[in-house]
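Heads up: the protein sequence lines correspond to chains A and B, in order. Counting from 1, position 15 in the first sequence corresponds to residue 15 in the numbering used here; the numbering is continuous, with no gaps. Just add 192 to the spot in the second sequence (first one is 1) and you have the numbering used here.
The set of hints was computed from the structure by calculation and includes no laboratory data. Beta carbons are placed, not taken as given, at the ideal position from N, Cα and C, and that holds for glycine. Treat the hints with care, since some could be wrong.
Which bits of chain A does chain B cover? Going by a derived footprint, with three or more residues having C-beta under 8 Å, they are [as the list claims (entries may be wrong)]:
{"#": "1", "region": "37–49"}
{"#": "2", "region": "92–98"}
{"#": "3", "region": "168–174"}
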Amino acid sequence: MTRRWHFMAAAAVLAAAMASCAPSSSGPTDGPFGNGGTAGASCHSGRVREVFTNGDQFIRNKGPQARITGLSLADDHHIELLGSWIVPITGHTLYGNWQGWPIARPRQLPGVHWDERQPADGASIPTASGLNVQNIVLAVARAPGNREAWARGILVKYRSGDHDYTLLTATRIAIVTQVSECDSLLKRIAPA
Amino acid sequence: MLIARLYRTAFIFHRYSDCVGEFVQAAEWAGGKIIKVVPALKSVAFCVPELPGQSKITKGTAATFGAGVSLLKVVGINLSAQTGHSTSAALAFQVNGNPIAHLGGTTDFPGGTKPGLIQQTP
Chain A
1 MTRRWHFMAA
11 AAVLAAAMAS
21 CAPSSSGPTD
31 GPFGNGGTAG
41 ASCHSGRVRE
51 VFTNGDQFIR
61 NKGPQARITG
71 LSLADDHHIE
81 LLGSWIVPIT
91 GHTLYGNWQG
101 WPIARPRQLP
111 GVHWDERQPA
121 DGASIPTASG
131 LNVQNIVLAV
141 ARAPGNREAW
151 ARGILVKYRS
161 GDHDYTLLTA
171 TRIAIVTQVS
181 ECDSLLKRIA
191 PA
Chain B
193 MLIARLYRTA
203 FIFHRYSDCV
213 GEFVQAAEWA
223 GGKIIKVVPA
233 LKSVAFCVPE
243 LPGQSKITKG
253 TAATFGAGVS
263 LLKVVGINLS
273 AQTGHSTSAA
283 LAFQVNGNPI
293 AHLGGTTDFP
303 GGTKPGLIQQ
313 TP
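Looking at chain B on its own, in the form it has when it is part of the complex (with noise of 0.2 Å):
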């Protein structure tokens, strides 16, 4: 006798803000009772467009979102082996083919005394 089981992992999606807009982004997700909160991406505003072509920007502080979840087409760099976010970090990026980017901060505009966590937007 074949017996079909059907697994389901929930996904708990939380709100966030960009330079771009609103969207929503999968933050934790719970199996069983297995409860794996993944830290939260915040919320941006402060922005600075910057010009599509080939460009290296660096500035004090890298936002990063938990292991597992790629936030590649969120930042536009995969940050997804790492975990939490660094204080310390330089975040390099090329800004490739966007008809245009953002850098966001968090607390301030990047480059400001207290940025925050600053992040790519497409």
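Extracted from the complex, chain A is given alone in its bound form (with noise of 0.2 Å):
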């Protein structure tokens, strides 16, 4: 009996600890930013430390006006975040995946508005209205001391109404030395 009550304490110790690390500190998925899209990847070679800018993610808000309250790569191994930006776009272009920093391109990419970019962690979120989204801009670069690096997408925490959700993008995001790498990089760290 002893060690039956033993046993149902520890399964309630380790249920809440799991419960308190979690869920309630990421937030459901099914908030106002949505599910984070159509499962995909994108994959660059680069040298070491060599800067890449990655924009083919984007924010389309349901709800109210929101604000989020962290960004960072989601389950990231040897992917330096360097800097990430919320960028409005008002017509049918992303601001896409470039090498190096980003910066602004109002020729080649009419719609999107770099000048009006905020920093991701804090930026308020306006209900998308129309064609209108936020684009999600990363610089990233791989680590020295690696030849493959990446991220199972990109994990947005934010905050709407009084409710507190995780986004996480279904796109990884890799970077190798070679692209004939990409392939078995991009089996091995596929969805299940």
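Two chains, two frames, a set of hints: combine them into the complex.
Following this line, the structure appears as structure tokens:
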């Protein structure tokens, strides 16, 4: 009997610990920012510490004005997040994926309002109207000493109304030394 | 006596738009009594520039075109062996040498919840 009680107590403690560190701290994933979109991946080849701009993910806020309370890479390995911004989009083109740091490209990217960008952490996200969305733009690099760097998505924590939510984008980000290494890496980090 | 015959195949062209601009592409051919309708390439409205050089992108659904029409110059990958479009295939391509390439969706940005058909434009 005593052994059974100990087992039940341990199970209760474990359940409480899991509850305290997972869902309540990050919030549910069914908030007004959606569920992260269609699964995909972008894989680039580059040197160690070579900076890439990743700007193919976006937020379409279907709720009231919200605020991002934290942005990070999800399940990241050897990839450095050097900067993150939210850029308003009023056209049919996102910032996209480029080599180097993000810069203003008004002639190449009409409707991408880089000059109105906000730091992602603390950014105010208005209600989406028409085709307008908010582009998540990151600067990332492969850390020294590693041939592969990757993340399973972008983790955005945000507050809308009186609730906290989490958005996990479904596009993986990978940086390798040669593009021929993309296939095997993307298979290994593919969603189960 | 030598008789010369001239055979002519009439192509019907449609106007499409992609991330770069508008273009005209043969969409049907009509020869004699046969009219062959090729599944139309849809216009792309939601675009994501992809960096030049060595990259590999995979997204949800691949747009394809009818057999016998090479889209190699249009979409950068040769889809001529396929007919129609798939709703489940993943499109994987390498961006090589183009100064800028775009990945475009017909109903939303690639990576969105319902991007529709996705294709690359050089």
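Would you say the region 92–98 of chain A counts as covered by chain B, given the rule of at least 3 residues with C-beta under 8 Å? holds (count 7)
Quick check: do three or more residues in the region 37–49 of chain A have a beta carbon closer than 8 Å to a beta carbon of chain B? holds (count 9)
Stated coverage of the region 168–174 of chain A by chain B [criterion: 3+ residues, CB within 8 Å]: holds (count 3)
Of the numbered hints listed earlier, not one is contradicted by the structure.
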